[in-house]
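**Q** Residue numbers (our numbering), protein chains in the order written: chain A, 1 to 223; chain B, 1001 to 1208.
Please keep in mind that the hints were generated in silico from the structure rather than gathered at the bench.
For glycine and all other residues, C-beta sits at the position ideal for the given N, C-alpha and C.
Hints are supplied without guarantee of correctness; some may be wrong.
Stated by the list, open to error - Cross-link-like lysine-lysine pairs, in silico, DSSO-like; alpha carbons within 27 Å at most:
id, chain 1, residue 1, chain 2, residue 2
1, B, LYS1090, B, LYS1070
2, A, LYS164, A, LYS84
3, A, LYS84, B, LYS1090
4, A, LYS84, B, LYS1070
5, B, LYS1094, A, LYS84
6, B, LYS1094, B, LYS1070
7, A, LYS164, B, LYS1178
8, B, LYS1178, B, LYS1090
What the hints assert, rightly or not - Here are some, though not all, of the chain B residues that point toward chain A, as calculated from beta-carbon distances under 10 Å:
id, residue
9, GLU1028
10, LEU1031
11, ARG1036
12, ARG1037
13, SER1040
14, ARG1044
15, TYR1149
16, LYS1170
Claimed, not checked - Where chain A lies over chain B, by a calculated footprint (3+ residues, C-beta under 8 Å):
id, stretch
17, 1060-1067
18, 1136-1148
19, 1152-1164
20, 1173-1181
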Amino acid sequence: MNDPTERRLEEHEEVQLLLPWYVIDTLDPREREHVRAHLAGCERCAAAARQEFCLRDLVAAPQGSPGPSDLGVARLRQRIRHDKESTRMRLSTNCASRPWFGFRTALAAVLALAVAVPVAFLAERGDSEDRFRTLASASPKQYSGQGNEIRLVLAPTVTPARMKGLLEPFEGVVIDGPNSAGAYIVRLQAIDPNPVALQNALESLRRQDAVLLAEAIAPIGRP
Amino acid sequence: MTAGADTGLQADDAADWALIRRIGDGDEGALEVLYRRYYSNLYRFVLRVMRRPECCEEVINDVLYIVWQKAADTEPLSRASTWILGIAHKRALKAIERHTRDSIAVNDSEALDLATTEDMTDQVSTRSLAEKAFALLSPEQRAVMELVYYHGLHYQDIALALQCPENTVKTRMFHARKRLRILWPALTGEVPGAASGTEIADTQEMDA
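Kindly generate the complete structure, drawing on both the sequences and the hints.
**A** Right under this line is the structure:
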């Protein structure tokens, strides 16, 4: 340690290790001053520092990363909702194993049915247009009514890239969803709003393994 | 770094932690804001580490999903960006494990060919050079280099993010630099090996 040559070698090592942070100016004042003083008297380390500045510029150069997509956000939300659903299912399974809780739950369910069935019956009679809206959760006011909008449910394993690939031939744009059932509302921009074109598009989508459900928003032939 | 820039960073960090607290309370809207705010940086970082553009979206989704899961139990012990980049690092390494190997890695001779190409001044060439340079490094080295030079993180912050000793961070950078010696002529016009640095034994792990 007292050998000046050995000490000098250790100092080279120490400075070399700190050079990247000297270059980006994040060293604390004591370390910075130590490196600066060493570089002033060591041409070899000073050359390494110059290379380090070039390397910084090379690595930090812009790469042109893409921005976030609505599809990516939708996928993340779908994953979270799926997660919530699973948690809820687990909780209800656990609760069901407790006899008194099971009785209370059953009683609540019977009472809820007693109220909900007549209400649903009355609502059904009052709004016959909605009888086709399976998986509905979003408000119909969002739809353009052009006849090229569909509900789409994909397999949970489908990646955003795969979904994009599925929708691309139809210039499909996600306009809502996914809802708690994992259903998206998609506008097929490349499809003329006529029954034949829409039916063909739906059949093409249904042939894909990744597609669990593809249905027109409005009954076909009635935009 | 100026005092003004430092204050701006602190304000951004406070805003990010406020979002993370809201996410911890189950606010999906806050998660979307964080997703949009971090997407480009995460994309760049994940791409640098993995070098597979087709995997970036999936890994970013994983990262934000973990943020969602952990937000309620996470204390702001570091900058929010450091915490999120640490998660991204882990997820990217796991994704690399899932895929076979770095199939687009190039060998040293390809990098040497590029390094001796004369026209290195335009932006496209610089980008290509950076790509080739990163192909010479391990995923861990690429991560550290990106965290230092693009994100400007101190070695203590990187050690925190990657959950490794500070000396490991320093030696990863050192060995990465040694691997890139082959590119110095293109970068600096200097003779190769003129300033390659002293030999330093990596006591933590050998990345080179």
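**Q** Now tell me if each hint is right for this structure.
**A** Now the hints, each set against the structure:
Proximity of LYS1090 (chain B) to LYS1070 (chain B) is assessed by CA-CA distance (about 14 Å); at most 27 Å being required, the pair is judged to hold. Note on LYS164 (chain A) and LYS84 (chain A): the hinted pairing holds, with a Cα-Cα distance of about 25 Å set against a maximum of 27 Å. Taking the CA atoms of LYS84 (chain A) and LYS1090 (chain B), the gap is near 24 Å; set against the 27 Å cutoff, the hint holds. For the hint pairing LYS84 (chain A) with LYS1070 (chain B), the CA-to-CA distance comes to about 14 Å; that is within 27 Å, so the pair holds.
Restraint check for LYS1094 (chain B) and LYS84 (chain A): satisfied, since their Cα atoms lie roughly 24 Å apart, inside the 27 Å limit. As the CA atoms of LYS1094 (chain B) and LYS1070 (chain B) are separated by approximately 18 Å, the hinted pair is consistent with the 27 Å bound. With a C-alpha separation of about 41 Å, the suggested pairing of LYS164 (chain A) with LYS1178 (chain B) is violated against the 27 Å cut-off. Pair hint LYS1178 (chain B) plus LYS1090 (chain B) holds up; C-alpha atoms about 25 Å apart against a cutoff of 27 Å.
Because the smallest distance between the Cβ of GLU1028 (chain B) and any Cβ of chain A comes to about 6 Å, under 10 Å, the interface hint for this residue holds. Here the hint on LEU1031 (chain B) is kept, as its CB sits about 7 Å from the closest CB of chain A, short of 10 Å. Because the smallest distance between the Cβ of ARG1036 (chain B) and any Cβ of chain A comes to about 5 Å, under 10 Å, the interface hint for this residue holds. About 9 Å separates the beta-carbon of ARG1037 (chain B) from the nearest beta-carbon of chain A, less than 10 Å, and the hint is met.
With 10 Å as the threshold, the beta carbon of SER1040 (chain B) comes within range of chain A, its nearest partner Cβ sitting at about 4 Å, so the hint holds. Given hint, ARG1044 (chain B) at the interface with chain A, holds; its Cβ is 5 Å from that chain's nearest Cβ, closer than 10 Å. Given hint, TYR1149 (chain B) at the interface with chain A, holds; its Cβ is 4 Å from that chain's nearest Cβ, closer than 10 Å. Taking 10 Å as the C-beta contact cut-off toward chain A, the hint placing LYS1170 (chain B) at the interface holds, the least distance being around 4 Å.
Proximity of the stretch 1060-1067 of chain B to chain A, defined as three or more residues with a beta carbon under 8 Å from a beta carbon of that chain, is established by the 4 residues found. Only residues whose beta carbon comes within less than 8 Å of a beta carbon in chain A count, and the stretch 1136-1148 of chain B has 3; three or more means the coverage holds. By the rule of at least three residues with a Cβ nearer than 8 Å to a Cβ of chain A, the coverage given for the stretch 1152-1164 of chain B holds, with 4 such residues. Restraint check on the stretch 1173-1181 of chain B versus chain A: 4 residues with Cβ-Cβ distances below 8 Å, three needed, restraint holds.
Of the hints listed earlier, the one the structure fails to meet is number 7.
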